[in-house]
Amino acid sequence: MKENVEKRVAGLFLVMLAVLAYVAWSSVHHIKENIKDKDWVNHTHDVIIHAQDILSYLHAGDAALRTYLITGDERDKQGYRVAYSTMVERLDQAVALTRSGAEEQPVQQRFLELQNLISNRIDVARSTVQAREKGGLEAVRQLFGARPDVESINKIERSVNNLVTTENGLLTQRDQQLHLQAQATKTTVYFGLVVDFALVVLVGWLMRNDLALRRKAAQALEEANEQLEAKVQQRTAELVKTNQSLKQENLERRWSHQALDHQLRYNQLIINSISELVIVISRALNISRINPAVVQQTSWEPQDLISQSIEKILHFPPPLSGDDSQNPLTAAMRDGRQMHDRPAQLLTRSGKPMPVLCSLTPLHDQDKIVGAVVTMRAQAAVPQPTSS
Amino acid sequence: MPIKKHILSIDDEADIRELLQEVLTIKGYRVSTAAEPEAARKIIREDPPQLIIMDFQIEEGDGFVLIEDIKRLAPKTPVLLLTGAVFDRNVVRDTIEKKVSRYLDKTASLSTIVSEIERLLGDAPTSDLA
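Chains A and B, in that order, are what the protein sequence lines are. The first sequence begins at 5 in my numbering and counts up one residue at a time. The second sequence begins at 4 in my numbering and counts up one residue at a time.
Hints in this document: simulated from the structure, not taken from any laboratory. Errors might be hidden in some of the hints.
As a list, the in silico BS3-like pairs of lysine-lysine whose alpha-carbon atoms are at most 25 Å apart [claimed, not checked]:
#1 B:Lys8 with A:Lys251
#2 B:Lys45 with B:Lys102
#3 B:Lys30 with A:Lys251
All chains should be modelled from the sequences, with the hints used to inform the complete structure.
Next up, the structure:
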């Protein structure tokens, strides 16, 4: 969609550029044509001015000639000569002006015809002056009477007037042509401006639509970002909370471990510090733990005794009366009662019996007897057990 | 920035001292530690703490004697006895709690210990350790 709009805008700009280029080319072309036409108009005006000058100088020369013929004054004669001379000069200039270009040839042809008429007129004037100089007014009268020249000036006037009329007609045509060209240029420029303006409006509309779409897309993106940011913050908060919880658990665990370790070592220290012999037994009379005093006084190592029955190393003398042949340790545990200072013999590792006073305290764990702690202290003299 | 409250921890176990210091520092307290009585007395004299946490067992000394010294040096400073030597409830009620502000077994949870410290210092209790 976005690329499509960009292509359209680019295409419209290309069209605008083409229209502007055409308008520029057309305007330059029309300006060039205009300059050319103006040159031609100036030239034509120049030709007309020269033609009219010819006629003016002809009339001026003719007036001076007539005056001279009447007065015989040399100044008038000089005036006629100057006027005719200027007229010839203007005629030569007009011929020169119309020398170039095919379209000038008819005009030049007319000037050449005019040249003949003027040449004839000059000849007439010259002969008239000569007649005046030689025979006075009478001779002039005779000359006019013999060869009257009343048409030569009229012919020249008609020729010049025809030429001027023709040139004016051409000027009018050219003016109309120039007007049409100017109209065409104006129309082209206006058309170009209108088309370009329409294209600019179209581009603006397309861009406005595109901008609206982009704004909408940006807004949607911003909203999505905000939602994402909120989710990230929520997740971060959860992670922070979880992290704090884990830290807390970790600290608690470390504390618990160290406190229990401390407690255990403290309890161990207490047990190890007891000078009496301490043996922990299970309900089946198997040894599960001994204190250092046992090792020290019997030379038994823990690995020799652990999991072995205490009956192997601790012997009680048979009861003096009654028929209870059960081990007193088993009996005390069965009854859940303590036993105090019962004489017995503890066998050391070397096999030597050691007289001891034995006590037992059952281990209660939630109303169940799970074992017992047997403590022994050395006795100076205890009765020797009979062999079973 | 508010001035951090000063706590003195006296214990012969380096691990216990370090862990307590870590936790209480996180909670925003300034913690000094001592392993034996002379160092503890020096800190109490030079930088009086707002709370003393002590074990009953300390290096080169006796907990009861140190408690008497603390009462003499800083009579208004609360003392929390945090020990692994488990006392009977009656003993705690009749003897121990008359000598110190509060007695706690080391097997108590860390959050309980921290809450008690905050209570003794008059701070608002917080639920989290970390």
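For each hint, the structure was consulted:
no.: 1; hint: B:Lys8 with A:Lys251; result: 23 Å, holds
no.: 2; hint: B:Lys45 with B:Lys102; result: 21 Å, holds
no.: 3; hint: B:Lys30 with A:Lys251; result: 13 Å, holds
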